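Chains A and B, in that order, give the protein sequences.
Taking my numbering, the leading residue of the first sequence gets 450, the next gets one more, and so forth.
Taking my numbering, the leading residue of the second sequence gets -12, the next gets one more, and so forth.
Think of the hints as simulated: they come from the structure by calculation, not from any bench.
Keep in mind the model is a prediction, meaning the values are calculated, not measured.
The C-beta atom is built at its ideal place from N, Cα and C for all residues, glycine as well.
The reader is advised that the hints may include incorrect statements.
[Said to hold, decoys possible] Computed from the model, here is a short list of chain B residues facing chain A with C-beta under 10 Å:
id : residue
1  : Ile(-5)
2  : Leu13
3  : Cys16
4  : Asn27
5  : Gly121
6  : Ser145
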Amino acid sequence: MDIMNIPEHIMKRIQELPMVSDVAVRLMDIISTEKHSLQQVIDVIEHDVYLTTRLLRIANSAAFARGQSISTIQRAVVNLGEDLIMGIAVGACSGDVFQKELKGYDGSTGALWRHSLLTAFAAKKISELVVKNPPNSSLAYTAGLLHDIGMAALSEFLEQGSKKLNGVGNDEGGKSYVDVEQELTGTDHTELGYEIAKNWQLPEELLYPIRYHHEPSKAPAEHKEIVYCVHLGDILARCTGFGVGNENLSMHLDSEYVDYFNLNRDHLDMLIVDIQDEFERVRESILGPMENEVVDHKTILIVDDSKTARLVIKRCLEIAGWQDEYFLEAENGIEAIEFLGNHPVDIIFTDLNMPRMGGEQLIKLVKSKPEFQNIPIVAISSLNNAAKTEELKLLGVKTVLGKPVTPMDIVNSIKGM
Amino acid sequence: MNYIYVGIGDYVVSRDSEVVIRTMALGSCVAIIIRDLKTNLVTLGHIALPDSSINARRALEKPASFADTGIHAMLTDLRLAGYSGNGSLEVKLAGGASILDPNNTFNIGKRNLLAIRRCLWQHKLGAIAEHVGGNISRNVSVEVATGKTIIASPGKGSWIL
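Pulled out of the complex, with its shape left as it was, chain A reads as follows (with noise of 0.2 Å):
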């Protein structure tokens, strides 16, 4: 293993990280020895009522049970089958590390889960495809559900410096994701995933995939099948769409994989197909409904031409709890007249004196069109008095502020929109 230097700030909170529950790793344990029998898994289960619970509760649901009610944890084992039996194990016994919100990678709820699943089916399809050696393919999903479980803990450490993430690219030769990830941090997700491993004590094979899956030429020769098997797996999920958050497809490929796997076009494009199929069979059982996947940010526009108005008006709604939201800035009504073609504002937050175009007349020009006179608008005054307030309300404003605002108008005046 080579040399890791992990701040200490951040190694001191995977140690506070919930554990992933002995069941979870005695499962781990079973499933990546060849030999076992089913017995071996049931007995494990069958401790855990959590667990048992829930895998009954997956078994019976439409997409599993046939028509047939299961009402023994042994049919339950049999009809999901071992490796999503491992999924749900490792999802319901994390705590919440899979299923919290990533802002650091701008990561919806529940978005590392099912990046997760997708990497572990694609790692344990692309398992059959490998020339030599080939892995245990019960490991390579295993090891495909765990090799970004760094991303749960290095996302605090990236809230300020997620702009810069936004804009890497995946050109051989430029930075990659992981590179940006080590200047903003002094480490990456790899790094960390390993240390998070180690320390729930998941056996010693999957260890390697989830530190190398990024590079896995810097990978132990004798684990490089595995390893590549997660790097092709993690790629294919991103190229489902199923990113964890702002990286979407800007990983690295290595393109050395052609040294282990007898991947043609065609078998490439099929895989794609199949975890897709096989994500949709089971992600409305195990993760629920589609609609829960959807987070609809709103995008407000705020106008002004001085750029510390903008600020402060930005920061004000962050403060309040709006910081999930997309800002859009403009100088003046021309310019926010641009953004409103191009841009689904909900919310429109405008000065009145500005150059180019003033706010009173941005107001009447959004009022006119069709297209723009239901979004919401926020006018800022300078001239605090009535006769003002009365006629830019009779111009459809919804709430007018006194300058100088303070963060409590601002917050008050968006309340429940």
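Given chain A's structure and the hints, the job is docking chain B onto it.
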């Protein structure tokens, strides 16, 4: 508003003004949106692969898995729903992201886009707006009433196509 979600290889045709059609996380997949300006019919297909010859059975079961069979099925259903075939269609495309691969195996997004453009040309159609390629994942939603198409991407905000 009622949301209809279109999974991989599926397509939807609607003229219900209360409906918004959506796709989740388009990576290398491409959403084809076709709107008939005369009848306000909208169809959205979630295309996964360039060519149906790879899996004929799937092409029958889920034609919109492939560019060729998908576009054919979408246009056929538009006609069945009332499109008179008189050239009043507006096409938009979104998706088709790629991972850079010197071996040219993982460039599914690029291959999807090429195949889709070719199939559209064969039907004498071309896109009036596109947000395609690159290395970002996209969510797309289309308001049937207005045809307004919005794209969103994690960390990148949302914009109108």
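Do the hints match the structure? See the list:
The interface hint given for Ile(-5)/B is met, as the beta carbon of that residue sits about 5 Å from the closest beta carbon of chain A, less than 10 Å. Restraint check, Leu13/B versus chain A: the minimum CB separation of about 5 Å is within 10 Å; hint holds. For the restraint placing Cys16/B at the interface with chain A, the shortest Cβ-Cβ distance is roughly 7 Å, inside the 10 Å limit, so the hint holds. The beta carbon of Asn27/B comes no nearer than 16 Å to any beta carbon in chain A, farther than 10 Å, and the hint placing it at the interface is violated.
A hinted interface residue such as Gly121/B counts as satisfied when its beta carbon comes closer than 10 Å to some beta carbon of chain A; here the least separation is about 8 Å, so the hint holds. Satisfaction of the interface hint for Ser145/B is found here, the shortest Cβ-Cβ separation to chain A being roughly 6 Å, below the 10 Å cut-off.
The structure fails hint 4 only (numbered hints given earlier).
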